[in-house]
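Using the sequences and the hints given, assemble the complete structure.
Protein sequence lines correspond, in order, to chains V, U, H and X.
Sequential numbering from 1 applies to the first sequence in the numbering used here.
Sequential numbering from 1 applies to the second sequence in the numbering used here.
Sequential numbering from 1 applies to the third sequence in the numbering used here.
Sequential numbering from 1 applies to the fourth sequence in the numbering used here.
Hints listed in this document are in silico derivations from the structure and should not be mistaken for laboratory results.
Be a bit skeptical, because a hint or two may be false.
[What the hints assert, rightly or not] One side of the interface only, derived from the structure: several residues of chain U facing chain V at Cβ under 8 Å:
id, residue
1, Val58
2, His59
3, Met99
[Unchecked claim] In the DSBU-like style, the derived pairs of lysine-lysine whose C-alpha atoms are separated by at most 35 Å in a straight line are:
id, chain 1, residue 1, chain 2, residue 2
4, V, Lys50, U, Lys65
5, V, Lys125, U, Lys130
6, V, Lys82, V, Lys130
7, U, Lys130, V, Lys105
[To be verified] Pulled a few chain X residues facing chain H out of the computed Cβ check, cut under 10 Å:
id, residue
8, Gly18
9, Tyr23
10, Arg25
11, Glu31
12, Gly52
13, Pro56
14, Val57
15, Phe60
16, Glu61
17, Asp63
18, Tyr64
19, Arg75
20, Phe77
21, Ile80
22, Ser86
23, Ala109
On a predicted model such as this, the values are computed, not experimentally measured, just so you know.
Quick reminder that beta carbons are idealized off the backbone N, C-alpha and C, glycines included.
Protein chains: 4
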Amino acid sequence: MADHYIDKKMYYHDTDAGGVVYYARYLEHLEEGRFEFCLSKGVNIAESAKEGAIFPVVHFEIDYKSPARYGDQVRIFTSIEKTGFSSIHFLQEIKKGDMALIKAKTVLACVNEALKPRAIPDKIKQALKKA
Amino acid sequence: MADHYIDKKMYYHDTDAGGVVYYARYLEHLEEGRFEFCLSKGVNIAESAKEGAIFPVVHFEIDYKSPARYGDQVRIFTSIEKTGFSSIHFLQEIKKGDMALIKAKTVLACVNEALKPRAIPDKIKQALKKA
Amino acid sequence: MADHYIDKKMYYHDTDAGGVVYYARYLEHLEEGRFEFCLSKGVNIAESAKEGAIFPVVHFEIDYKSPARYGDQVRIFTSIEKTGFSSIHFLQEIKKGDMALIKAKTVLACVNEALKPRAIPDKIKQALKKA
Amino acid sequence: MADHYIDKKMYYHDTDAGGVVYYARYLEHLEEGRFEFCLSKGVNIAESAKEGAIFPVVHFEIDYKSPARYGDQVRIFTSIEKTGFSSIHFLQEIKKGDMALIKAKTVLACVNEALKPRAIPDKIKQALKKA
Numbered sequence: 001m002a003d004h005y006i007d008k009k010m011y012y013h014d015t016d017a018g019g020v021v022y023y024a025r026y027l028e029h030l031e032e033g034r035f036e037f038c039l040s041k042g043v044n045i046a047e048s049a050k051e052g053a054i055f056p057v058v059h060f061e062i063d064y065k066s067p068a069r070y071g072d073q074v075r076i077f078t079s080i081e082k083t084g085f086s087s088i089h090f091l092q093e094i095k096k097g098d099m100a101l102i103k104a105k106t107v108l109a110c111v112n113e114a115l116k117p118r119a120i121p122d123k124i125k126q127a128l129k130k131a
Numbered sequence: 001m002a003d004h005y006i007d008k009k010m011y012y013h014d015t016d017a018g019g020v021v022y023y024a025r026y027l028e029h030l031e032e033g034r035f036e037f038c039l040s041k042g043v044n045i046a047e048s049a050k051e052g053a054i055f056p057v058v059h060f061e062i063d064y065k066s067p068a069r070y071g072d073q074v075r076i077f078t079s080i081e082k083t084g085f086s087s088i089h090f091l092q093e094i095k096k097g098d099m100a101l102i103k104a105k106t107v108l109a110c111v112n113e114a115l116k117p118r119a120i121p122d123k124i125k126q127a128l129k130k131a
Numbered sequence: 001m002a003d004h005y006i007d008k009k010m011y012y013h014d015t016d017a018g019g020v021v022y023y024a025r026y027l028e029h030l031e032e033g034r035f036e037f038c039l040s041k042g043v044n045i046a047e048s049a050k051e052g053a054i055f056p057v058v059h060f061e062i063d064y065k066s067p068a069r070y071g072d073q074v075r076i077f078t079s080i081e082k083t084g085f086s087s088i089h090f091l092q093e094i095k096k097g098d099m100a101l102i103k104a105k106t107v108l109a110c111v112n113e114a115l116k117p118r119a120i121p122d123k124i125k126q127a128l129k130k131a
Numbered sequence: 001m002a003d004h005y006i007d008k009k010m011y012y013h014d015t016d017a018g019g020v021v022y023y024a025r026y027l028e029h030l031e032e033g034r035f036e037f038c039l040s041k042g043v044n045i046a047e048s049a050k051e052g053a054i055f056p057v058v059h060f061e062i063d064y065k066s067p068a069r070y071g072d073q074v075r076i077f078t079s080i081e082k083t084g085f086s087s088i089h090f091l092q093e094i095k096k097g098d099m100a101l102i103k104a105k106t107v108l109a110c111v112n113e114a115l116k117p118r119a120i121p122d123k124i125k126q127a128l129k130k131a
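Encoded structure:
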């Protein structure tokens with residue numbers, strides 16, 4: 001299982017008229033999970049962008065197993081499946097207690113300011129390997 | 001190619017600090033594409049929910065090929081790959097002119113108000129087949 | 001009454017668990033209304049930012065009179081109340097048919113890239129006066 | 001000064017192409033502040049809706065004094081200005097360290113499931129008075 005998690009509460013702004021969390025909203029929660037995961041390894045993605053290493057999402061897939069609702073407390077687990085020359089593959093899971101709500105896979109590319117692929121900075125690659 | 005499309009402009013609220021459309025935002029645009037696709041076949045998903053047929057997203061995958069930016073005009077193409085007993089598989093593409101920005105696949109389940117799987121109402125199934 | 005309007009449909013992503021459009025969402029719709037209003041006067045706010053005239057919102061107030069719901073078609077009216085040396089005051093209204101849903105007032109400042117106040121470029125000021 | 005606050009970090013999904021937090025996003029943060037304020041007084045707004053007391057926003061006003069950016073840590077202060085028969089007036093402030101970013105005022109109405117005004121349940125009114 002993933003070695004890193006953050007806790008989040010679902011608020012009204014997360015929900016839709018179906019009474020559950022809107023399907024796109026989880027992508028924001030998952031972004032937060034990845035950001036905090038990286039930060040816990042000493043990698044600040046907000047700073048790395050200023051240094052010319054930007055990490056856009058190039059592929060994303062998600063299974064919605066059970067819905068979260070207004071007021072729910074969920075836990076977002078994040079781990080790295082693999083890192084390539086200029087890509088990072090994340091696996092993430094959102095759980096409410098023992099119940100799996102979401103499983104997701106996100107592939108980030110590493111690009112420069114012209115949005116062209118570049119090698120992941122070595123400092124970042126080494127830091128994430130400690131995962 | 002898909003037989004249905006809608007046109008949309010990207011606004012400031014769609015963008016992020018990277019200067020491009022935020023990765024979760026496309027899921028809202030794609031929802032609009034599916035809604036209008038269904039409506040063009042005579043199926044109003046907003047109404048069907050009131051009649052006990054709700055269509056939550058159970059699986060979603062997306063490839064981000066090129067980013068959209070503030071002020072861009074994009075076209076969202078929608079088609080159905082297949083329909084099952086209680087699922088609908090959509091294929092969608094977002095293009096800016098001739099350039100493909102997004103390819104996405106969305107699987108909707110058909111559930112009742114207790115969020116249990118149920119057969120897609122026949123009227124809806126027949127209408128969507130005319131695609 | 002305002003001389004400019006856009007039409008918009010409310011989608012699932014606009015709604016919350018109360019079954020109505022979430023209170024923050026109208027600010028996105030109102031942004032679209034202001035963008036299109038300016039464009040109709042020949043002013044492209046997305047372009048002006050590249051030329052060093054950025055228009056952040058510095059004050060906003062809104063009355064929520066009646067809620068919009070999933071699938072509703074609304075009309076967003078926009079007019080300018082006044083323009084100052086470095087500010088533009090918009091009045092906006094959202095209606096569903098004859099029913100007023102929203103009344104809002106937005107004050108934009110004109111700032112440079114360092115986010116310091118600057119005069120509204122003359123070309124823009126003249127164009128908006130034609131309102 | 002307000003007796004209640006929550007801390008929040010600004011993520012990529014909060015930002016726009018201007019490199020700062022999008023003006024509508026603060027309304028989500030402010031909602032979280034009010035929710036947690038009420039919870040700290042023993043009032044769970046998510047639960048009260050199930051019991052027929054719903055609190056839609058009927059008026060909102062906000063001054064944007066300084067922008068928050070990606071990665072910023074902000075503090076959201078919440079207090080009650082006054083409560084009426086069927087309304088609650090909140091005052092809120094968002095600060096980054098000592099710097100005020102946002103001042104906002106929100107008026108909630110108390111309505112029943114038909115969205116008609118009703119008295120604030122006494123239990124809630126008493127609990128909030130302890131503020």
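Comparing the hints with the structure gives:
1. Val58: The hint holds - Val58(U) has a Cβ within 8 Å of chain V, the shortest such distance being about 5 Å.
2. His59: holds (5 Å)
3. Met99: violated (13 Å)
4. Lys50(V) <-> Lys65(U): It holds: about 23 Å lies between the C-alpha atoms, which stays within 35 Å.
5. Lys125(V) <-> Lys130(U): With a Cα-Cα distance of about 51 Å, the restraint between Lys125(V) and Lys130(U) is violated, given a limit of 35 Å.
6. Lys82(V) <-> Lys130(V): This hinted pair holds, its Cα atoms lying about 12 Å apart.
7. Lys130(U) <-> Lys105(V): holds (34 Å)
8. Gly18: holds (6 Å)
9. Tyr23: Nearest chain H Cβ about 4 Å off; hint holds.
10. Arg25: Result: holds, 7 Å to nearest chain H Cβ.
11. Glu31: holds (8 Å)
12. Gly52: At 13 Å from the nearest chain H Cβ, Gly52(X) fails the 10 Å test, so the hint is violated.
13. Pro56: holds (7 Å)
14. Val57: holds (4 Å)
15. Phe60: Hint on Phe60(X): holds, closest Cβ of chain H at ~5 Å, below 10 Å.
16. Glu61: Constraint on Glu61(X) satisfied, holds at 4 Å.
17. Asp63: holds (5 Å)
18. Tyr64: Constraint on Tyr64(X) satisfied, holds at 5 Å.
19. Arg75: violated (20 Å)
20. Phe77: Since the shortest Cβ distance to chain H is 19 Å, the answer is violated.
21. Ile80: Cβ of Ile80(X) sits 18 Å from chain H, so the hint is violated.
22. Ser86: With Cβ-Cβ at 15 Å, over 10 Å, it is violated.
23. Ala109: Holds. Min distance 9 Å.
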